[in-house]
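Here is how the chains run, residue by residue.
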Amino acid sequence: MRRLALAARIALAGLFLWAAGTKVPDMAAYAESVANYRIVPAVLVPTIAALLVGVESVAALALLVRPWARSAALLLALLLAVFTIGLTSALARGIDLACGCFGGSDQATWWTVLRDLVLLALALGVAASSPPSPARPARREPDPAAAP
Amino acid sequence: MTTLAQMVVLAAAGSALGLAANALSPHPAVLAQAILSPAEAGGGSCAAPSTAPAPAPWTPARIGVEEAKGLCTACLAGFVDARGAHEYAHGHIENAVHLPPAGHPDEAAVVAQLRTYSLVIVYDGDYSCAVADDVARRLRRAGLKDVRVLQGAWPAWVSARGPSQAGVCGVCNLEPFSR
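If you're matching them up, the sequences are chains A and B in order. In this text, residue positions in the first sequence follow my numbering: the first is 1, and each later residue adds one. In this text, residue positions in the second sequence follow my numbering: the first is 149, and each later residue adds one.
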């Protein structure tokens, strides 16, 4: 079970690092992909595009560090939920658009939504199998009775 | 640090990294510039014809006579003669069907036969290949995927001694069809 969880973490991390890596060489094109969803206000599109790429990279890297794996997986799950809602909304409105998922011009379809849902389930599975980060031990007040 | 706090830290670090990656990208997104989708900007495929540039007409690719001869001999391509009925009857590429640019009364049957080939080669009698281009576009619109035009047209085929025959079109209603 532990090995399976580790494999899922590595797979998710690799996938998101690859996804981010394909977008960085042409951030302008990725921003256009984000604009095509017609969800984000036009003025925020370039910034949101840049933030998405950065957050998915950092979350993917953190997924490989065990104490951070749970929060990274939850953050990726949150991103995937946002992507899925955005895709579903665009497809439901009949918008013919490229997914923008891996920097190319792959057409967004209901299969893309299904893929995102599978990845979302995987991310939630990783989060559930990763222990929460250890809480910092409470600072002990000095015992006046023990004082010399 | 709680999971939520870690998520906030990751999001903040990611945001900073994203902005840095954008700045270093060879094609960065201009942060100060609003980006509209083509549909919102009026450049989408649903835009009024006056605002959208007209798409260039599809130009069929050319195929050389020698390559076409090999395909004809091996029966690996369908040939379409786009000349007049009398020219066709006088002589045409072996097994070529006759499809003049004005159309054919039984065109669906002819196109259905051409669908059995992965490649269809159209030719006419003129070096400019203008008539063959028109017929090739029509076949493309009918759904044939790989349609090319014979470079040099019928005269080049005759000069290269490509296999040819005379007579009316066997699969096109058995009667010569005039333009």
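If you are wondering where the hints come from, they were derived from the structure by calculation, not from laboratory data. Everything numeric in this text was worked out from a predicted model, so none of it was measured. Hints should not be assumed to be uniformly reliable.
Said to hold, decoys possible - Partner residues aside, some chain B positions facing chain A, computed with beta carbon under 7 Å:
1. 154
2. 166
3. 167
4. 174
Cβ atoms here follow ideal geometry from the backbone N, Cα and C, with glycine treated the same way.
- Task: Would you check whether residue 154 of chain B satisfies its interface hint, that is, whether its CB is within less than 7 Å of any CB in chain A?
- Result: 3 Å, holds
- Measuring from the C-beta of residue 166 of chain B to each C-beta in chain A, is the shortest one below 7 Å? Since chain A brings a Cβ to about 2 Å from residue 166 of chain B, closer than 7 Å, the hint holds.
- Message: Please check whether residue 174 of chain B passes as an interface residue: C-beta within 7 Å of a C-beta belonging to chain A.
- Response: 6 Å, holds
- Message: Can you verify the interface hint for residue 167 of chain B: is its Cβ closer than 7 Å to any Cβ in chain A?
- Response: 5 Å, holds
The structure agrees with every numbered hint stated previously.
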